[in-house]
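Protein chains: 2
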Amino acid sequence: MAKGRPLIAGIELGGTKCIAILARGPDEIEDRVQLPTTRPEETLSALEAVLDRWSGYSALGIASFGPVSIDHGSADYGHITSTPKPGWAGQDVGRRLAAHTGVPTGFHTDVVGAALAEARWGAARGIADIAYVTVGTGIGAGLIAGGKPVDGLTASEFGHFRPVRTAGDDWVGVCPYHGACVEGLAAGPAIQARTGTPGPELAADDPAWDLVADTLGQLLHTLVVTGVPRRIVMGGGVMVGNDHLFPRVRRAMTRSLAGYVALPEVADAETFVVPPALGGNAGPLGAVVLGAQALGAELSSSFTAA
Amino acid sequence: MAKGRPLIAGIELGGTKCIAILARGPDEIEDRVQLPTTRPEETLSALEAVLDRWSGYSALGIASFGPVSIDHGSADYGHITSTPKPGWAGQDVGRRLAAHTGVPTGFHTDVVGAALAEARWGAARGIADIAYVTVGTGIGAGLIAGGKPVDGLTASEFGHFRPVRTAGDDWVGVCPYHGACVEGLAAGPAIQARTGTPGPELAADDPAWDLVADTLGQLLHTLVVTGVPRRIVMGGGVMVGNDHLFPRVRRAMTRSLAGYVALPEVADAETFVVPPALGGNAGPLGAVVLGAQALGAELSSSFTAA
Chain A
1 MAKGRPLIAG
11 IELGGTKCIA
21 ILARGPDEIE
31 DRVQLPTTRP
41 EETLSALEAV
51 LDRWSGYSAL
61 GIASFGPVSI
71 DHGSADYGHI
81 TSTPKPGWAG
91 QDVGRRLAAH
101 TGVPTGFHTD
111 VVGAALAEAR
121 WGAARGIADI
131 AYVTVGTGIG
141 AGLIAGGKPV
151 DGLTASEFGH
161 FRPVRTAGDD
171 WVGVCPYHGA
181 CVEGLAAGPA
191 IQARTGTPGP
201 ELAADDPAWD
211 LVADTLGQLL
221 HTLVVTGVPR
231 RIVMGGGVMV
241 GNDHLFPRVR
251 RAMTRSLAGY
261 VALPEVADAE
271 TFVVPPALGG
281 NAGPLGAVVL
291 GAQALGAELS
301 SSFTAA
Chain B
1001 MAKGRPLIAG
1011 IELGGTKCIA
1021 ILARGPDEIE
1031 DRVQLPTTRP
1041 EETLSALEAV
1051 LDRWSGYSAL
1061 GIASFGPVSI
1071 DHGSADYGHI
1081 TSTPKPGWAG
1091 QDVGRRLAAH
1101 TGVPTGFHTD
1111 VVGAALAEAR
1121 WGAARGIADI
1131 AYVTVGTGIG
1141 AGLIAGGKPV
1151 DGLTASEFGH
1161 FRPVRTAGDD
1171 WVGVCPYHGA
1181 CVEGLAAGPA
1191 IQARTGTPGP
1201 ELAADDPAWD
1211 LVADTLGQLL
1221 HTLVVTGVPR
1231 RIVMGGGVMV
1241 GNDHLFPRVR
1251 RAMTRSLAGY
1261 VALPEVADAE
1271 TFVVPPALGG
1281 NAGPLGAVVL
1291 GAQALGAELS
1301 SSFTAA
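Sequence order for the protein chains is A and B.
Counting from 1, one number per residue, gives the positions in the first sequence under the numbering used here.
Counting from 1001, one number per residue, gives the positions in the second sequence under the numbering used here.
Mixed in with the good hints, there may be bad ones.
Said to hold, decoys possible - Chain B stretches covered by chain A per the calculated footprint, using a threshold of three residues with CB under 8 Å from any CB of chain A:
{"id": "1", "segment": "1174–1181"}
{"id": "2", "segment": "1225–1236"}
{"id": "3", "segment": "1254–1260"}
What the hints assert, rightly or not - Okay, the calculated beta carbon distance ranges per label pair:
{"id": "4", "chain 1": "B", "residue 1": "Tyr1177", "chain 2": "A", "residue 2": "Pro189", "range": "31 to 37 Å"}
{"id": "5", "chain 1": "B", "residue 1": "Arg1255", "chain 2": "A", "residue 2": "Pro84", "range": "22 to 28 Å"}
{"id": "6", "chain 1": "B", "residue 1": "Arg1005", "chain 2": "A", "residue 2": "Glu48", "range": "43 to 49 Å"}
Hint data in this document are derived by calculation from the structure and do not stem from the laboratory.
Beta carbons are placed, not taken as given, at the ideal position from N, Cα and C, and that holds for glycine.
Starting from the given sequences, assemble the full structure and let the hints guide the process.
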């Protein structure tokens, strides 16, 4: 079971709880600690105490709630940039924990973390080019190309483009910025605002699901035309609690693509759009992948520079 | 002027003409040959004769009209996959010219080639994360992240997502697959179908431009929320012939983003969305970058494997 793999500390920093694991992979988790996410100083000190107690790890990965800065060239790299969560806006997480541990440290969004974990060990195991979509309180999508997050100026905000509307539907949506962007039409709060029932609890035969499926089908269509994904993993509370949604979303995507991108990977919608496989461990395991990639980059540059 | 840079052969394979250059960069072009694109055998043999005549180049790059296969793991890598152009559907270009020359060979779409050239030497010089959009007979967009094309399953088809429609406009569009996708609404043939006048010739005060600008603003909005570009270069016959379109498209993008992705790079729309700088040499210079990157990958792997 690849005994030689380095031991990595992985932290999922969530909006309500943090999960820290010391692991080489999903089958070799040496320790797992769960903490509530409270005020920043209290939370980060508690995580530092866990990291101090652990030994033998070669790298640290952090998959964080956001929005975060992932721009290495920016002064706020590793920070949570803006959040309504008290005290966390502008909080440095990545650089602080990197300095505290002194090991190579990877830092990214929780969505990209889950994407990396599903690509490495989960529902897209062994596939280097994937998208991971989460549909819950918000909608996020992370692209992985060649096994690495597709990064540039900022973390993906792919839930916030404006999809074409279903004919006859002109509901204004709930995104405070865009109204009827994908998130404003199909995330849990949007479903609740439209129907009076939270997304995870809405009956499978409610007609609102067709509108949600149409919108999510547009999200998948747009991800397909980026050219990147060979598979799309869809998770989050709205998807996981509503298995009936998968066939509807697949049909909406296929109908919308209308034969475009005629490749077998996309044409077989049942294997192209799949639920996640790692459950509650996707976050911290994604952080382990981020740590491993940071270690890999460090080793690669230090040995070639030597 | 970086005399030590390797000499590269770059070929832009266009639908009507091919341009081949032997160069180290835009200021060091040693030879430039233009040929008509006719039947495949005739065209490729003529290009091979040019490559045979040249000497001293370390790599070859090809930026081709498409659709093409860029999937290295696929049997049809380097081929033009489907095109109405007589004889070219299924034609191998990349592997044939690589075998003929025996040098490391890069192969990609003409859009990605232009993107790489503009990022290396043109309007996005020195910026590693960009998007390049062409609006002409079709609409294409290429993403460059960390200086490399964002690749996965297939080349980008970003002109083919379905944007939200301008209120009150329900024209069906001209894309044979999607009707009213971005290309079906805003490429040259769409403008001609809607107005009776080809896009490059339509008067600046024609009201159809507002609809075109809205659609292109949606394209830019969606590119922004990928998180990748620090700058977007827009070229192609419709943009280049209509300077009035730039301020309109920038305004449409800014209005649609509505303050989302509040970073200075995006907020300053005049420096964020710019025309290309390399003119007719973007294609072959992009091919030179593709060749240089193929050489870089070869050197990197051969020296670490040694």
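Hint by hint, here is what the structure shows:
Coverage of the segment 1174–1181 of chain B by chain A holds. Counting CB-CB distances below 8 Å, 3 residues qualify, and the rule asks for three or more. Only residues whose C-beta sits within less than 8 Å of a C-beta in chain A count toward coverage, and the segment 1225–1236 of chain B has 6 of them, enough to reach three; the restraint holds. Counting residues of the segment 1254–1260 of chain B whose CB lies closer than 8 Å to any CB of chain A gives 5, which reaches the minimum of 3, so the coverage claim holds. Range check, Tyr1177 (chain B) to Pro189 (chain A): Cβ separation about 33 Å, and the 31 to 37 Å hint holds.
One distance hint, 22 to 28 Å for the beta-carbon pair Arg1255 (chain B) and Pro84 (chain A), holds here, with the actual separation near 25 Å. In this structure, Arg1005 (chain B) and Glu48 (chain A) meet the distance hint of 43 to 49 Å, their C-beta atoms being roughly 48 Å apart.
Hint violations for this structure: none, all hints satisfied.
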